[in-house]
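K.L.:
Taking the hints into account, I'd like the entire structure generated from these sequences.
So the sequence lines, in the order shown, correspond to chains A and B.
Start counting the first sequence at 1; every next residue gets the next number (my numbering).
Start counting the second sequence at 111; every next residue gets the next number (my numbering).
Be a bit skeptical, because a hint or two may be false.
What the hints assert, rightly or not - Here are the computed lysine to aspartate or glutamate pairs in the EDC-like style, where the Cα-Cα straight-line distance is at most 20 angstroms:
| no. | chain 1 | residue 1 | chain 2 | residue 2 |
| --- | --- | --- | --- | --- |
| 1 | A | K68 | B | D195 |
| 2 | B | K123 | B | E209 |
| 3 | A | K42 | A | E3 |
| 4 | A | K68 | A | E3 |
| 5 | A | K42 | B | D195 |
Stated by the list, open to error - For the chain A half of the interface with chain B, some residues (derived, Cβ under 8 angstroms), not all of them:
| no. | residue |
| --- | --- |
| 6 | L47 |
| 7 | L49 |
| 8 | R72 |
| 9 | D96 |
| 10 | L98 |
| 11 | G101 |
For the record, the hints were derived by calculation from the structure and aren't laboratory data.
We treat Cβ as the ideally placed atom computed from N, Cα and C, and that holds for glycine.
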Amino acid sequence: KQEVTQIPAALSVPEGENLVLNCSFTDSAIYNLQWFRQDPGKGLTSLLLIQSSQREQTSGRLNASLDKSSGRSTLYIAASQPGDSATYLCAVDNTDKLIFGTGTRLQVFP
Amino acid sequence: ETGVTQSPTHLIKTRGQQVTLRCSSQSGHNTVSWYQQALGQGPQFIFQYYREEENGRGNFPPRFSGLQFPNYSSELNVNALELDDSALYLCASSSQGIEGYTFGSGTRLTVV
Numbered sequence: 001k002q003e004v005t006q007i008p009a010a011l012s013v014p015e016g017e018n019l020v021l022n023c024s025f026t027d028s029a030i031y032n033l034q035w036f037r038q039d040p041g042k043g044l045t046s047l048l049l050i051q052s053s054q055r056e057q058t059s060g061r062l063n064a065s066l067d068k069s070s071g072r073s074t075l076y077i078a079a080s081q082p083g084d085s086a087t088y089l090c091a092v093d094n095t096d097k098l099i100f101g102t103g104t105r106l107q108v109f110p
Numbered sequence: 111e112t113g114v115t116q117s118p119t120h121l122i123k124t125r126g127q128q129v130t131l132r133c134s135s136q137s138g139h140n141t142v143s144w145y146q147q148a149l150g151q152g153p154q155f156i157f158q159y160y161r162e163e164e165n166g167r168g169n170f171p172p173r174f175s176g177l178q179f180p181n182y183s184s185e186l187n188v189n190a191l192e193l194d195d196s197a198l199y200l201c202a203s204s205s206q207g208i209e210g211y212t213f214g215s216g217t218r219l220t221v222v
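P.N.:
Encoded structure:
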């Protein structure tokens, strides 16, 4: 049974710091891995999709890597801003559904 | 290109009642999935629909049921509501997951 774990559960940092959010999964036979952002009480916004044949994806200040053999993905946020404050969710695609971690709640203060 | 839209945004129901939530998929997407997100938790997979047929189901009882229509929109029905059904219900559409999933803003259901 696929299980997804995210570390840390919460993070509070001053503006400008570079951040690393971690995601691990127990079954390496995944189709895709997707990172989402969720603001309080809102839906999910897709940040990055890494297909199983890829090792990383970049979008602006965000970079996500995928190592299937070790069951790990990392989301790197450069030069964090207060507007980055949200919960970040990692989800692995097991071909017919997404399995989510419980998220990392990020607060960036000025 | 329109995104995924869900209605209503908020809903309050009494225990034992029935509820229907609605979702319009993103243009070009043929697969719709539903997720339940309890407070402080990650979303949990309820079921997925492809070509109007259920194409996968999570660990939810039969009182959770759904439909997909020819235009790929979808409904989630929950019968005999329980207090624990209070959650954010998220709809996601995809092209069979090939380019990832697009989520709607969710429906906040409160059962009292």
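K.L.:
Under the constraints set out in the numbered hints, which ones does this structure not fulfil?
P.N.:
1, 2, 3, 6 and 8
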